[in-house]
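Protein chains: 2
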Amino acid sequence: MHIRLYNARILTMADDGEPFAGELWTADGRILFAGTDAEAADRRREHPADVPAFDEEIDCNGDLILPGFKNAHTHSAMTLLRSRADDLPLDKWLNEQIFPVEAKMTEEDIYTLTKLAFLEYLTSGITACFDMYLTPRSIARAARDAGFRMVQVGAVNNFSQSPALVEEMYRELNGADPYNSYMLGFHAEYTCSKELLGQIAALAEKYQAPVYAHISETAGEVAGCKERYGMTPVAFLDSLGMFAYGGGGYHLVHVTEDDIRILKDRGLYAVTNPGSNTKLASGIAPVSDYLKAGVPVAIGTDGPASNNALDMFREMFLVTGLAKLRDNDASSVDAIEVLKMATVNGARAMGLDDADILAPGKRADLIRIDLQAPNMQPVNNIRKNLVYSGSKSNVRLVMIEGRIKYREGNFFLDESPEDLYAQAERIKARIDGK
Amino acid sequence: MHIRLYNARILTMADDGEPFAGELWTADGRILFAGTDAEAADRRREHPADVPAFDEEIDCNGDLILPGFKNAHTHSAMTLLRSRADDLPLDKWLNEQIFPVEAKMTEEDIYTLTKLAFLEYLTSGITACFDMYLTPRSIARAARDAGFRMVQVGAVNNFSQSPALVEEMYRELNGADPYNSYMLGFHAEYTCSKELLGQIAALAEKYQAPVYAHISETAGEVAGCKERYGMTPVAFLDSLGMFAYGGGGYHLVHVTEDDIRILKDRGLYAVTNPGSNTKLASGIAPVSDYLKAGVPVAIGTDGPASNNALDMFREMFLVTGLAKLRDNDASSVDAIEVLKMATVNGARAMGLDDADILAPGKRADLIRIDLQAPNMQPVNNIRKNLVYSGSKSNVRLVMIEGRIKYREGNFFLDESPEDLYAQAERIKARIDGK
Numbered sequence: 009m010h011i012r013l014y015n016a017r018i019l020t021m022a023d024d025g026e027p028f029a030g031e032l033w034t035a036d037g038r039i040l041f042a043g044t045d046a047e048a049a050d051r052r053r054e055h056p057a058d059v060p061a062f063d064e065e066i067d068c069n070g071d072l073i074l075p076g077f078k079n080a081h082t083h084s085a086m087t088l089l090r091s092r093a094d095d096l097p098l099d100k101w102l103n104e105q106i107f108p109v110e111a112k113m114t115e116e117d118i119y120t121l122t123k124l125a126f127l128e129y130l131t132s133g134i135t136a137c138f139d140m141y142l143t144p145r146s147i148a149r150a151a152r153d154a155g156f157r158m159v160q161v162g163a164v165n166n167f168s169q170s171p172a173l174v175e176e177m178y179r180e181l182n183g184a185d186p187y188n189s190y191m192l193g194f195h196a197e198y199t200c201s202k203e204l205l206g207q208i209a210a211l212a213e214k215y216q217a218p219v220y221a222h223i224s225e226t227a228g229e230v231a232g233c234k235e236r237y238g239m240t241p242v243a244f245l246d247s248l249g250m251f252a253y254g255g256g257g258y259h260l261v262h263v264t265e266d267d268i269r270i271l272k273d274r275g276l277y278a279v280t281n282p283g284s285n286t287k288l289a290s291g292i293a294p295v296s297d298y299l300k301a302g303v304p305v306a307i308g309t310d311g312p313a314s315n316n317a318l319d320m321f322r323e324m325f326l327v328t329g330l331a332k333l334r335d336n337d338a339s340s341v342d343a344i345e346v347l348k349m350a351t352v353n354g355a356r357a358m359g360l361d362d363a364d365i366l367a368p369g370k371r372a373d374l375i376r377i378d379l380q381a382p383n384m385q386p387v388n389n390i391r392k393n394l395v396y397s398g399s400k401s402n403v404r405l406v407m408i409e410g411r412i413k414y415r416e417g418n419f420f421l422d423e424s425p426e427d428l429y430a431q432a433e434r435i436k437a438r439i440d441g442k
Numbered sequence: 009m010h011i012r013l014y015n016a017r018i019l020t021m022a023d024d025g026e027p028f029a030g031e032l033w034t035a036d037g038r039i040l041f042a043g044t045d046a047e048a049a050d051r052r053r054e055h056p057a058d059v060p061a062f063d064e065e066i067d068c069n070g071d072l073i074l075p076g077f078k079n080a081h082t083h084s085a086m087t088l089l090r091s092r093a094d095d096l097p098l099d100k101w102l103n104e105q106i107f108p109v110e111a112k113m114t115e116e117d118i119y120t121l122t123k124l125a126f127l128e129y130l131t132s133g134i135t136a137c138f139d140m141y142l143t144p145r146s147i148a149r150a151a152r153d154a155g156f157r158m159v160q161v162g163a164v165n166n167f168s169q170s171p172a173l174v175e176e177m178y179r180e181l182n183g184a185d186p187y188n189s190y191m192l193g194f195h196a197e198y199t200c201s202k203e204l205l206g207q208i209a210a211l212a213e214k215y216q217a218p219v220y221a222h223i224s225e226t227a228g229e230v231a232g233c234k235e236r237y238g239m240t241p242v243a244f245l246d247s248l249g250m251f252a253y254g255g256g257g258y259h260l261v262h263v264t265e266d267d268i269r270i271l272k273d274r275g276l277y278a279v280t281n282p283g284s285n286t287k288l289a290s291g292i293a294p295v296s297d298y299l300k301a302g303v304p305v306a307i308g309t310d311g312p313a314s315n316n317a318l319d320m321f322r323e324m325f326l327v328t329g330l331a332k333l334r335d336n337d338a339s340s341v342d343a344i345e346v347l348k349m350a351t352v353n354g355a356r357a358m359g360l361d362d363a364d365i366l367a368p369g370k371r372a373d374l375i376r377i378d379l380q381a382p383n384m385q386p387v388n389n390i391r392k393n394l395v396y397s398g399s400k401s402n403v404r405l406v407m408i409e410g411r412i413k414y415r416e417g418n419f420f421l422d423e424s425p426e427d428l429y430a431q432a433e434r435i436k437a438r439i440d441g442k
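So the sequences go chain by chain: A and B. Residues 9 to 442 in my numbering are what the first sequence lists, from first letter to last. Residues 9 to 442 in my numbering are what the second sequence lists, from first letter to last.
Derived by calculation from the structure, the hints in this document are not laboratory data. Since this is a predicted model, take the numbers as computed values, not measurements. Note that the Cβ used here is the ideal one computed from N, Cα and C, for glycine as well. Misleading hints may appear alongside valid ones.
Stated by the list, open to error - Take a look, some chain B residues computed to stay more than 12 angstroms from chain A by CB distance:
| # | residue |
| --- | --- |
| 1 | 65 |
| 2 | 337 |
| 3 | 436 |
Stated by the list, open to error - With a straight-line Cα cutoff of 27 angstroms, these simulated DSS-like cross-link-like pairs (lysine-lysine) come out:
| # | chain 1 | residue 1 | chain 2 | residue 2 |
| --- | --- | --- | --- | --- |
| 4 | B | 300 | B | 202 |
| 5 | B | 202 | B | 100 |
| 6 | A | 100 | B | 300 |
| 7 | A | 348 | A | 272 |
| 8 | B | 300 | A | 300 |
| 9 | B | 100 | B | 442 |
Stated by the list, open to error - Here are some chain B residues pointing at chain A (derived, C-beta under 8 angstroms):
| # | residue |
| --- | --- |
| 10 | 90 |
| 11 | 95 |
| 12 | 252 |
| 13 | 288 |
| 14 | 329 |
| 15 | 342 |
| 16 | 356 |
| 17 | 424 |
| 18 | 432 |
Next comes chain A alone, as it looks inside the complex (with noise of 0.2 angstroms):
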């Protein structure tokens, strides 16, 4: 499959340049050109034999072409949950209403369901996600099956998933086809023993590999760790060796100084998910001062039980109009700084290097976003544009894999949403006994 965009501005993210007027193709799932007009012009005229036959040649009227958004923190299969316990405390949320519900979920209900996830990336964008969940061989053939880009990481706890399970999913997922990749991790350290923790720093250790986890999102958490082990939760994983090959937490909300310089030694990702902490009270991320240590953030909407939309958009305005409201500074942690986190940090956080940028080689996962639109006009600075007025409803195309998986309203997977929207009906008249 080969895929000429052309009259379109590109926003390469390889750099802080401006969108330039140019042109990208793909080929076979990976991008083999993306440049300005010229330099389209000139390969046309000095390498004929480089320029493939394409299947198709889209003429993107002057709209931007950039990555997709990725999604570095999520919990797909909560879909199910969506508006189903809002305006709760967290406890109450998780202990009355979530996990009751979780118990009564089968693998086949959590294929369904973050389908269902899969659809509402698209029309925000976001080509690919880092999902944190139960049962990962029914969520990878998910999205093997429809066709997204799925980063899971281990979720081992006390109740529910063990450090072997996670050694088996890494070895077994990882490779095995493009759509799906595994990351270690756990749930968190208020769910996890100090001897289960200590088993997935062993195995951080035997594959050379980062650890990532739900790290100091309630003020309450990081009371209970410190009344526990004596120290924060980065200082205390930290002691056990989990981040000596790097990984991040999600969350970060409540730290330290002292936190900050240890992810910051550590080479760690801080992954915020404003749209959560907000809708739960857990609290502002310091994001400004991850940006000044040096420590990278990424972006996560979280799951939709607690944020409840999965939607870049809206998370990108959060981060940057908290942390202008926790800073009392209208200047802090600018709208280009927020693009770079929901793309590049996002892809280079989940492994996905190799999908952080528009270059020749990349893989072709990109969206195209109309800027003749009342949200984007008059077009005076794009890139503000799309953090401060953007819009999921500016999505007019997303690519993943070199192949288009929405357009203009209409999703190319191998189920329709009308047969998920069904199937997800059916799951909640079960589980709620009707």
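Given chain A, put chain B in place with the hints provided.
Then chain B, alone, in the frame of chain A:
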């Protein structure tokens, strides 16, 4: 023009009830009937003469119909300034970027740029706006020509708008046509002399009319007023008799308990603008304190130079999210309260009591929301879905004064989006001297 919307779920906002399966009929700009399917069948059987010949009957496919959102504070024509002056402190933003451009804007520019904002309002389900800007006659003409519901408010200040013009507009625009109305108002305490403010208070007395203004948006503004007059802005303005007949304040971020008591005693509306307050780092308004005290809250986008989107879905999520963060309580300001603010309270703050809910005799200003979209599935709770996961991408139809103005991405105004974009680019080029 008679339109029938059937196979719908109708959220009248007349009370705290859930949406019901039913239909809605319009007749010449008003709602003729809104009721359950059974009530509609009864009406047809028992009073066939009351059922008009419909010009159009729309199968809503189970989608939601609710009153259009009311944008209770904005500066529409500032579309020109979107993404032109971001990431700056408020004083630099205003003095170095906003004022110099505004000084070059003509009446015709403001006419065009206001219409550009209408497009964006429609995409987000906004059917009316409460607009404070320059050149009220050209703004009223834009509303009349486009068929958009416009409530303007006086912008008296020391530099550019006099109480005499506000009185003239108050007499000229109220009752002149179905789309326009006008309220007394001034820009802010810090841009008006005490003498000017006294003249506005005299107009309030003369017309027994409410008054609106920017009040207590920033901590600096409050400190300045205390220095000048020894009182907070709310207390000072009240001491002038400004609010003898009601009205309200835009922003109201930095207030005291005494201020809140005055707002309550005078029956004032607190119009909150969370997107703008976030992006300009002004602070978080005490929305839950207003609710507890019985001060009605409405929601505004503020202008596109400060927000930068005119998107009621983004504002609704911010209202509840920021309240939860501020109160450190995930149950603070729930979705049902927020929906009331965005519809009923907004309408009443703007003097549009006849467009507040869906009921016979009310103005036919309404929207259709797609429930068959990934971010709305499964449908556990429609109202929570609207506020917590809803998006402007779910708006399928917008009706104002019984006329369809936006439908499935298409606009039905007197000028096309492409023409308005081109005109905005020409205005930009002229102002920039290009």
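Structure-based check of all given hints:
no.	hint	in the structure
1	65	holds (23 angstroms)
2	337	violated (6 angstroms)
3	436	violated (5 angstroms)
4	B/300 x B/202	violated (32 angstroms)
5	B/202 x B/100	holds (26 angstroms)
6	A/100 x B/300	holds (24 angstroms)
7	A/348 x A/272	holds (18 angstroms)
8	B/300 x A/300	violated (40 angstroms)
9	B/100 x B/442	holds (24 angstroms)
10	90	holds (6 angstroms)
11	95	holds (4 angstroms)
12	252	violated (35 angstroms)
13	288	holds (5 angstroms)
14	329	holds (4 angstroms)
15	342	holds (4 angstroms)
16	356	violated (25 angstroms)
17	424	violated (11 angstroms)
18	432	holds (5 angstroms)
Of the hints listed earlier, those the structure fails to meet are numbers 2, 3, 4, 8, 12, 16, 17, in rising order.
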